[in-house]
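Enquirer: First to last, the protein sequences are chains A and B. Take the first sequence: its position 26, counted from the start at 1, is 26 in this note's numbering, and no numbers get skipped. Counting from 1 along the second sequence, just add 247 to a position and that's the residue number in this note's numbering.
In short, the hints are calculated from the structure, not lab data. Here a beta-carbon is modelled for each residue, glycine too, at the ideal position from N, C-alpha and C. Hints are not guaranteed to be accurate.
Below, simulated DSS-like cross-link-like pairs (lysine-lysine); rule was C-alpha separation at most 27 Å, straight line [said to hold, decoys possible]:
1) A:115 to B:250
2) B:286 to A:98
3) B:250 to A:98
Label pairs and their calculated CB-CB ranges [unchecked claim]:
4) B:261 to A:157: 20 to 28 Å
5) A:157 to B:272: 20 to 28 Å
6) A:236 to B:261: 44 to 52 Å
7) B:360 to A:157: 27 to 35 Å
8) A:191 to B:272: 33 to 41 Å
9) A:99 to B:307: 19 to 27 Å
10) A:90 to B:291: 46 to 54 Å
11) B:323 to A:123: 41 to 49 Å
12) A:94 to B:376: 56 to 64 Å
13) B:261 to A:192: 46 to 54 Å
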Amino acid sequence: MTSQPQLSSEQAARHELIARLREMSAALESGDDALFSERLHALLRRREESFYAHIARITDDLKKAFESLESDQRWNSIASELPDAGARLEHVSQLTEKAAHHTLDLVEAGQRELKVFGDSLGLMATVRARLLMASAGSGALMQLATEVAQLEAQLQGHHQSLRGQFSALAQSQEYQDLSGQILRRVTHVVREVEAALLKLLDGRRPAQAAGPAADKGLEGPTIQGLGNSALAAGQDDADALLAMFSL
Amino acid sequence: MNKNLKILVVDDFSTMRRIVKNLLNELGFTDISEADDGKTALPMLQAGNFEFVVTDWNMPGMPGIDLLRAIRADDRLKHLPVLMVTAEAQREQIIEAAKAGVSGYIVKPFTGVTLKEKLDKIFERCAAAA
Numbered sequence: 001m002t003s004q005p006q007l008s009s010e011q012a013a014r015h016e017l018i019a020r021l022r023e024m025s026a027a028l029e030s031g032d033d034a035l036f037s038e039r040l041h042a043l044l045r046r047r048e049e050s051f052y053a054h055i056a057r058i059t060d061d062l063k064k065a066f067e068s069l070e071s072d073q074r075w076n077s078i079a080s081e082l083p084d085a086g087a088r089l090e091h092v093s094q095l096t097e098k099a100a101h102h103t104l105d106l107v108e109a110g111q112r113e114l115k116v117f118g119d120s121l122g123l124m125a126t127v128r129a130r131l132l133m134a135s136a137g138s139g140a141l142m143q144l145a146t147e148v149a150q151l152e153a154q155l156q157g158h159h160q161s162l163r164g165q166f167s168a169l170a171q172s173q174e175y176q177d178l179s180g181q182i183l184r185r186v187t188h189v190v191r192e193v194e195a196a197l198l199k200l201l202d203g204r205r206p207a208q209a210a211g212p213a214a215d216k217g218l219e220g221p222t223i224q225g226l227g228n229s230a231l232a233a234g235q236d237d238a239d240a241l242l243a244m245f246s247l
Numbered sequence: 248m249n250k251n252l253k254i255l256v257v258d259d260f261s262t263m264r265r266i267v268k269n270l271l272n273e274l275g276f277t278d279i280s281e282a283d284d285g286k287t288a289l290p291m292l293q294a295g296n297f298e299f300v301v302t303d304w305n306m307p308g309m310p311g312i313d314l315l316r317a318i319r320a321d322d323r324l325k326h327l328p329v330l331m332v333t334a335e336a337q338r339e340q341i342i343e344a345a346k347a348g349v350s351g352y353i354v355k356p357f358t359g360v361t362l363k364e365k366l367d368k369i370f371e372r373c374a375a376a377a
């Protein structure tokens, strides 16, 4: 006795569908509209039942996923750590701002000293001129005036160099503005995530209303490799764009 | 270049205001005031005799682009040169600023040389227009 090959449930369903369609086709050809209509409705009912069964399965899975999320203490832990993360970022921002101001205080104090130094160099030039006038006929005094002039030129050079270095030192504090803007942006994101997570977990804190920034994305320094940075421009690109407007 | 020019520096970061002020001082400008956003700056401009504005873009309250538009919309202020010094470096933003009537645009981070170069260019254009 040869055994029939076992059909999969999918194959069996296909065979059954073909049989029903043949039956419907025969009913249609023989003019048995009642049978055709009854078989058609039966087919559609089966299809609906299968659809609702699928939806019920998805809903059940979703419910289980939410239950597991709520019972997972890690989410609660993350939600409780986020305010701390935000506060730390703000603290870093305040620290860098304080450090930058301290550096700028020192730079400005140095620049004031340098101004006194520059004024003294001006006085030195006056003294040298007087020495030169008083040296008439005295080779030794003229030699001394020449040496003072050389020294004065050297000091002028150092004065200029120090001015440039103080200026560069002040400008290097620009990092605080740029890093501060980035930290502000990240802090904002952390706060948003915190609010959303808390709402999801227990609804204790409402999510912040979406403002204009949420609509078009936060503004802030352009960072290569992040966001829309393919469109980022450097100073040369900015100049070229402005030239198009005759600026 | 008139070194007695009355300048307003607008930036929400106090460190950046100090840096720009320091650089302007090094270039010989001494009459410099500060504002921390457009909302503070606008009444100062309307009340004072400022002759030049250096502004950031991204500021709470009123951003630099809105300040620029407000300046250009005010009959008494519309001729003020406005130099934008900002980290906003998207092409669209630069074009938006140009269309709004910006006089110069500096992308942060920048150098004192760039600042001098842009100021010279703006003053040359102002002199040619006068």
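Enquirer: Next, verify each hint and record whether it holds.
Expert: Results of checking the hints against the structure:
Between residue 115 (chain A) and residue 250 (chain B) the CA atoms are separated by roughly 18 Å; this keeps the pair inside 27 Å, and the hint holds. A hinted pair counts as satisfied when its Cα atoms are at most 27 Å apart, and residue 286 (chain B) with residue 98 (chain A) qualifies at roughly 25 Å. Distance hint between residue 250 (chain B) and residue 98 (chain A) is unfulfilled; the C-alpha atoms sit about 31 Å from each other, more than 27 Å. Between residue 261 (chain B) and residue 157 (chain A) the beta carbon distance is about 34 Å. The supplied range of 20 to 28 Å is therefore violated.
Restraint check, residue 157 (chain A) to residue 272 (chain B): a C-beta distance of roughly 21 Å satisfies the suggested window 20 to 28 Å. At roughly 29 Å, the beta carbons of residue 236 (chain A) and residue 261 (chain B) sit outside the given window of 44 to 52 Å. Look at residue 360 (chain B) against residue 157 (chain A): about 20 Å separates their beta carbons, and that is not inside 27 to 35 Å. For residue 191 (chain A) and residue 272 (chain B), the Cβ-Cβ distance of about 38 Å falls inside the hinted range of 33 to 41 Å, so the restraint holds.
Between residue 99 (chain A) and residue 307 (chain B) the C-beta distance comes to about 23 Å, which sits within the given range of 19 to 27 Å. For residue 90 (chain A) and residue 291 (chain B), the hinted distance range of 46 to 54 Å is not satisfied, since their beta carbons lie about 29 Å from each other. Between residue 323 (chain B) and residue 123 (chain A) the CB atoms are about 46 Å apart, so this pair conforms to the stated range of 41 to 49 Å. Between residue 94 (chain A) and residue 376 (chain B) the beta carbons are some 44 Å apart, a value that contradicts the proposed interval 56 to 64 Å.
Evaluation of the 46 to 54 Å hint for residue 261 (chain B) and residue 192 (chain A) yields a failure: the beta carbon distance comes to about 26 Å.
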